[in-house]
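> Fit chain D to the given chain A structure using the hints.
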Amino acid sequence: MKAMSKRILIGGVAVAALLSGTVGTLMAQQKPVIATVVKISGIPWFDRMNTGVEAYQKANPDVVATQSGPATADAAQQLQIIQDLIAKGVNALAVVPMDPAVIEGTLKRAMDRGIVVVTHEADNQKNTQADVEAFDNSDYGAALNVRLAECMGNKGKWTTFVGSLGSRTHIQWVTAGEANAKKHPDMQLVDPNNESFDDANSTYEKAKEILRKHPDIKGFQTSAGNDVLGVGRAIDEAGLSGKVCLVGTGLPNPSADLLESGAITAIGFWDPQKAGMAMNAVARLLLEKKEVKDGTNLGVPGYEKVTVKKGAGDGLLIIGNGMVLADKATYKEHMF
Amino acid sequence: MHKTGEQLVMLVVINCVLLAIGAAISGGAFLSLFNLQSMSTQVPEIGLLAIGVMLAMCAGNGGIDLSGIALANLSSVLSAVVLSSFLSSTDSETTFSLAFMVMTIGIGLTGGIINGLLISKLNITPILCTLGTQMAFMGLAVVVSGGKATTVGSPDLLSRIGNDMFLGVPISFLIFAVCAALIAAALKFTPYGLWLMLMGTNPKAAVYAGFPRTGIIVGTYAISGTLSGIAGMIIAARNVNVKFDYGSSYLLIAILIVVMAGVKPEGGYGRVVCVVMSAIALQLMSSLLNFGGLSNFVRDFAWGLLLLTFLAVGRYDVVGFLMPFKGQNNSSAPSPQAPKPNN
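Just so you know, the sequences run in chain order A and D.
Going by my numbering, 331 is the number at position 331 of the first sequence; the sequence numbering is gapless.
Whatever position you read off the second sequence (first residue = 1), add 1000 for my numbering.
This is chain A alone, in the form it adopts within the complex (with noise of 0.2 angstroms):
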């Protein structure tokens, strides 16, 4: 036995050390690799990223882009697929950090090893050379509101939901969305901020509870991306379609039915696909050591005239105006 093992473990040994040998010679890539990595994969709003990454390769056929993501939603594991990235030698990093926070040792190891690092949905991360934003949280939040004003003709009692008191952006929308309200004397906001910790469900019943104690309510805004189902269910089974307005922030495809029945007046989002694009134009823009300033068109829409500002650390935070707000009419445009 002992002797058998050490002959297969010999062997074993001797194979690897013979293949590496081999194929060592082999390697040696000379286009550039941009990787993206995404907070998960295999969920609609990635895969709807990874089109856009696919799109990118496509059109530029002198770098290569590909997209991974853990498999659950996990930081550590999204930490774990950068590493192995990192060491087999990408030139770029496009990152969707799932927690900013978790990833920031290892995205300057990647720096200091003079990969490029840009991510998206991370206005706070510091080590990064570029966050890209699809737009400005303010403007998105008063846009939403907007919206609501115009169909409640800009009166009436509204309230807001979040995803949670904790989420960042949820409270930047409402709150630029409250600023708003307030230019129209005539809408009451009633019971603000709501959690909804984008739970259709719990949403659902909140809006409910929210229906019987304000029966004369006329706006709904939301932020996570469940809770215009949530909502607009509840209007719906209310009888109140078209009555009441809903307006947050949702995807077309799960949205579909209550754009159609009305019970949800317009949701806005930002499109994945773009933003992965834009990700991986502001990679190669770094990596050809060519500078990102105001103004400056990545090719791709809603990023054709970025704005720059200095970001959470040495990098730069850029601004797409990748906004879109689809109703009723419009929503079919972009079936994700």
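Hints listed in this document are in silico derivations from the structure and should not be mistaken for laboratory results.
Hints may contain errors.
As a list, the in silico DSS-like pairs of lysine-lysine whose alpha-carbon atoms are at most 27 angstroms apart [to be verified]: (1) 1148/D - 126/A; (2) 58/A - 31/A; (3) 310/A - 1148/D; (4) 108/A - 1148/D.
Values in this document were obtained by computation on a predicted structure and should not be read as measured data.
Frame of chain A, contents of chain D only:
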């Protein structure tokens, strides 16, 4: 002896094969020093947790430790919150680092002792007990941190543990190796090891033989907790920030590693070296798939396949089947059924 050697050989062979495949598909980059170092910085966290699970399993009576990663996160989060309230990680780097290390390990140890006492004194089934403490640890980490990531910073000594090399080997990996070696030695050369394995084999006989049951159980979970604390320290050293929900997938992976290492789920048998090799095999496989640009769902599939293969190896003499001439070398080996404790 027969069976344990086989498991180890299988694991070593699989590791070599994975390295070879990696080299083949990546054109050698997989075996570059940088990647080997990068992979070995990834192993310690999960490897330490897996050793903890192995010890709990060896204790028998349905022993398992589900609270590992939660305790690791709690130790780092709590230490970071408490220490940064009166120490600055940038001004007093060494003091902060040392205090942080002592505190993470201390919290790990305490958590482990709590587990052990609940299981031995109150006779709670380990799976339920550690499920409960897992939630309690996680909840406590949420409360003290407010659910947000807590910054540890990178004070000199601590960040060296997470990032630096000693003779080309990452320090975190060395810590892992030393922990593994110490535990392996303890299992092999001390009465504790013998008691643990015999108690796992037959708890009733162990009690009648006058083994210190409470002591063994508390000791086992205390070691497991301490390992979690060390894992928490390494996570903090590497990532700069710590959060309560880091590594939520580690729980099942740790169990997978342990089962793949041939540790008996019913207790009484397990070898540290197999757990280490098995952790390395999983790491190689997941890095390999990342190198190959394959979907991470393939990884889950591959891990499952690997696990089934090992279960088959455990049940049937696969190596003997593939190498029919081996039997002759083996005639003098003791019967595999002998309940002999191996570390």
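> Each hint: holds or not?
Checked hints:
Restraint check for residue 1148/D and residue 126/A: the C-alpha separation of about 16 angstroms stays at or below 27 angstroms, so the hint holds. For the proposed pair residue 58/A and residue 31/A, the alpha carbon gap of about 14 angstroms is at most 27 angstroms, so the pair holds. The hinted pair formed by residue 310/A and residue 1148/D meets the criterion: a straight-line CA distance of about 24 angstroms does not exceed 27 angstroms. Restraint check for residue 108/A and residue 1148/D: the C-alpha separation of about 21 angstroms stays at or below 27 angstroms, so the hint holds.
When each numbered hint is compared with the structure, no violation occurs for any of them.
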